[in-house]
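Chemist: Here is how the chains run, residue by residue.
Protein chains: 2
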Amino acid sequence: MSGDHGLRSSISASLNALNQNSALHICLVGDEAAIRSSLLASNYDSARLSICHSPDVVAMDDLPSKALRYKKQSSMYRALELLRDGNVAGVVSAGNTGALVAMGCIILDRLPGVRRPAICAPVPAKNGYTLMLDLGANIECDAEHLYQFAVMGAALSNALDGRDAPRLALLNVGAELIKGTSVVKEAAELISADSRLNYIGFAEGNDIFSENIDVMVCDGFTGNVALKVCEGTANFIRGQLKETFMKSLYGRLAALVVKPVLNAFQKDINPERYNGAALLGLNGVVIKSHGGSSVKSFEAAIHQAARAVRGDLTQAIASQLHTTES
Amino acid sequence: MSGDHGLRSSISASLNALNQNSALHICLVGDEAAIRSSLLASNYDSARLSICHSPDVVAMDDLPSKALRYKKQSSMYRALELLRDGNVAGVVSAGNTGALVAMGCIILDRLPGVRRPAICAPVPAKNGYTLMLDLGANIECDAEHLYQFAVMGAALSNALDGRDAPRLALLNVGAELIKGTSVVKEAAELISADSRLNYIGFAEGNDIFSENIDVMVCDGFTGNVALKVCEGTANFIRGQLKETFMKSLYGRLAALVVKPVLNAFQKDINPERYNGAALLGLNGVVIKSHGGSSVKSFEAAIHQAARAVRGDLTQAIASQLHTTES
Numbered sequence: 001m002s003g004d005h006g007l008r009s010s011i012s013a014s015l016n017a018l019n020q021n022s023a024l025h026i027c028l029v030g031d032e033a034a035i036r037s038s039l040l041a042s043n044y045d046s047a048r049l050s051i052c053h054s055p056d057v058v059a060m061d062d063l064p065s066k067a068l069r070y071k072k073q074s075s076m077y078r079a080l081e082l083l084r085d086g087n088v089a090g091v092v093s094a095g096n097t098g099a100l101v102a103m104g105c106i107i108l109d110r111l112p113g114v115r116r117p118a119i120c121a122p123v124p125a126k127n128g129y130t131l132m133l134d135l136g137a138n139i140e141c142d143a144e145h146l147y148q149f150a151v152m153g154a155a156l157s158n159a160l161d162g163r164d165a166p167r168l169a170l171l172n173v174g175a176e177l178i179k180g181t182s183v184v185k186e187a188a189e190l191i192s193a194d195s196r197l198n199y200i201g202f203a204e205g206n207d208i209f210s211e212n213i214d215v216m217v218c219d220g221f222t223g224n225v226a227l228k229v230c231e232g233t234a235n236f237i238r239g240q241l242k243e244t245f246m247k248s249l250y251g252r253l254a255a256l257v258v259k260p261v262l263n264a265f266q267k268d269i270n271p272e273r274y275n276g277a278a279l280l281g282l283n284g285v286v287i288k289s290h291g292g293s294s295v296k297s298f299e300a301a302i303h304q305a306a307r308a309v310r311g312d313l314t315q316a317i318a319s320q321l322h323t324t325e326s
Numbered sequence: 001m002s003g004d005h006g007l008r009s010s011i012s013a014s015l016n017a018l019n020q021n022s023a024l025h026i027c028l029v030g031d032e033a034a035i036r037s038s039l040l041a042s043n044y045d046s047a048r049l050s051i052c053h054s055p056d057v058v059a060m061d062d063l064p065s066k067a068l069r070y071k072k073q074s075s076m077y078r079a080l081e082l083l084r085d086g087n088v089a090g091v092v093s094a095g096n097t098g099a100l101v102a103m104g105c106i107i108l109d110r111l112p113g114v115r116r117p118a119i120c121a122p123v124p125a126k127n128g129y130t131l132m133l134d135l136g137a138n139i140e141c142d143a144e145h146l147y148q149f150a151v152m153g154a155a156l157s158n159a160l161d162g163r164d165a166p167r168l169a170l171l172n173v174g175a176e177l178i179k180g181t182s183v184v185k186e187a188a189e190l191i192s193a194d195s196r197l198n199y200i201g202f203a204e205g206n207d208i209f210s211e212n213i214d215v216m217v218c219d220g221f222t223g224n225v226a227l228k229v230c231e232g233t234a235n236f237i238r239g240q241l242k243e244t245f246m247k248s249l250y251g252r253l254a255a256l257v258v259k260p261v262l263n264a265f266q267k268d269i270n271p272e273r274y275n276g277a278a279l280l281g282l283n284g285v286v287i288k289s290h291g292g293s294s295v296k297s298f299e300a301a302i303h304q305a306a307r308a309v310r311g312d313l314t315q316a317i318a319s320q321l322h323t324t325e326s
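So the sequences go chain by chain: A and B. UniProt numbering puts the first residue of the first sequence at 1, with every later residue one more than the last. UniProt numbering puts the first residue of the second sequence at 1, with every later residue one more than the last.
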């Protein structure tokens with residue numbers, strides 16, 4: 001346990017989550033003495049909370065390759081080992097995303113049939129959110145990768161929200177079949193040929209926010225750019241509004257109404273902070289909560305991990321991609 | 001002359017532009033009788049305004065290939081012929097973008113050395129705007145294409161704003177040299193090897209709005225997605241704000257301050273409406289004003305065309321890419 005806010009918010013979030021879900025067990029991985037001292041004043045069901053000591057932490061600026069080699073005593077490494085060995089059913093981390101992906105691939109391994117793990121996060125949309133993947137784990141993708149992302153995204157939507165037939169779309173530059181790169185067109189054929197998927201067709205950048213799409217599939221380059229453009233646009237609009245507001249007293253009053261809306265959106269889409277981003281395709285449930293997680297958002301990430309475990313996410317992906325391969 | 005708003009706004013814009021720039025001559029291409037009747041009540045310097053009759057128009061939903069074949073009597077076709085034959089120095093059109101690109105390629109031809117024409121439009125940014133290209137004319141690009149976009153974008157920035165050394169960035173998923181696709185990395189080498197270009201390095205999606213970048217280069221797939229994500233984000237924020245505002249009287253008052261800011265942004269970044277988008281790489285200055293152009297924005301497109309002509313945009317691109325090729 002590390003994360004920008006240190007132990008405090010992850011421990012508070014864990015205790016809240018235990019209170020809210022009586023079926024939940026949590027193992028806190030980190031410096032045992034520090035964890036114990038943080039827990040001292042709290043009331044909790046000690047039968048459902050254990051501690052696993054790890055002396056080291058992965059820093060937010062550690063290179064993934066170096067973390068993998070030199071941080072075997074870190075809480076991140078240890079937590080993934082617990083998952084690999086069946087001691088826990090899922091891992092939630094607010095640590096370094098690159099290190100988490102790298103360690104996940106080595107310690108947990110990919111599921112059989114999975115060619116590339118992907119990062120999938122919710123982007124706010126009308127009436128809820130759209131799950132979008134990949135968000136940067138795979139910069140260059142072929143059609144088969146995109147097809148696998150569709151399968152994994154659909155499985156996540158099913159596990160998290162219980163959707164039987166999540167509506168899948170492929171991000172493209174137009175809705176017509178003739179549009180797009182050869183990779184996107186070939187991926188569309190692979191996805192629509194799989195009758196287990198509810199593929200609704202190509203979608204465009206603005207459709208991310210549509211209430212008609214549950215899962216938006218794209219390569220990690222496009223996904224990363226799209227998410228950062230979201231963030232940049234929101235930031236830019238905030239700046240323009242602020243300038244307008246500052247011009248009058250009336251404007252300053254208006255700002256009080258607008259600020260919370262923009263702040264909430266900004267927080268939701270900040271790509272440095274994918275809150276509740278799932279690393280899909282690994283042999284185990286791994287959820288990344290953002291580095292500067294508030295108690296509430298870390299709590300949400302814990303519940304998300306629990307839902308993914310209960311929804312048998314890993315098995316769902318394994319069985320569908322295994323079938324595809326054979 | 002066609003466009004969603006018909007003749008009225010383009011004629012008013014033309015008369016205003018003639019008043020504002022005494023060096024300007026305008027040739028209105030379209031149905032002569034309709035143009036003459038629109039001009040009846042107006043005062044203007046008839047020595048600087050001529051009319052060229054064309055009986056047909058390209059519709060907004062005409063397929064580019066069909067427009068090219070069947071609309072040789074259209075105002076768009078005729079205007080590009082006037083440019084090709086040296087009768088005018090630039091063309092401004094509010095018509096069908098696809099048809100304009102296709103007709104431009106055939107009637108004007110590409111400049112020697114230019115591999116692909118590109119669509120370049122201003123995206124609002126802090127302290128002004130960032131010129132971004134390509135915005136959808138070229139869905140699959142190699143490193144040489146991106147390099148040529150950089151040259152053409154820099155030439156446009158120079159012609160429009162008189163910048164001697166426009167700051168160029170390549171859109172990527174991170175600022176570090178090791179980031180990105182092989183195409184983007186190779187393009188970075190080509191661009192930085194050209195000492196005439198002021199290349200500042202990789203930039204991310206949120207940097208489009210930065211005041212430190214004059215020209216952002218990307219392939220047409222990424223550019224199209226990025227622009228539509230901008231539009232979608234702005235639209236989504238507007239929707240969220242509206243909901244918040246509607247909850248109280250005070251909120252409804254705040255909406256009055258916010259609405260014009262969001263409307264202006266939305267209009268600027270609507271990809272269906274690239275206002276003042278330049279088609280770069282053709283043998284002549286062609287500016288696309290958006291279909292639903294207001295008088296003011298059509299006027300801006302006319303002034304932009306005039307600046308591009310005065311700044312010798314076509315020659316600047318030709319000489320730099322010709323040198324590169326030889």
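One or more of the hints may lead you astray.
Chain copies aren't distinguished; within one or between two, either way the pair holds.
To be verified - Straight-line C-alpha distance at most 30 Å; calculated DSS-like pairs for lysine-lysine:
1) 185 - 66
2) 247 - 179
3) 242 - 66
4) 72 - 179
5) 72 - 185
6) 179 - 66
7) 247 - 185
8) 296 - 247
9) 126 - 72
10) 126 - 296
Hints listed in this document are in silico derivations from the structure and should not be mistaken for laboratory results. All of these numbers come straight from a predicted model, not from anything done at the bench.
Chemist: Next, verify each hint and record whether it holds.
Modeler: A quick look at each hint next to the structure:
| no. | hint | verdict |
| --- | --- | --- |
| 1 | 185 - 66 | between (38 Å within a copy, 24 Å between copies) |
| 2 | 247 - 179 | neither (45 Å within a copy, 42 Å between copies) |
| 3 | 242 - 66 | neither (42 Å within a copy, 48 Å between copies) |
| 4 | 72 - 179 | between (47 Å within a copy, 26 Å between copies) |
| 5 | 72 - 185 | neither (42 Å within a copy, 33 Å between copies) |
| 6 | 179 - 66 | between (42 Å within a copy, 17 Å between copies) |
| 7 | 247 - 185 | neither (50 Å within a copy, 44 Å between copies) |
| 8 | 296 - 247 | between (35 Å within a copy, 25 Å between copies) |
| 9 | 126 - 72 | neither (43 Å within a copy, 45 Å between copies) |
| 10 | 126 - 296 | within (22 Å within a copy, 33 Å between copies) |
Of the hints listed earlier, those the structure fails to meet are numbers 2, 3, 5, 7, 9, in rising order.
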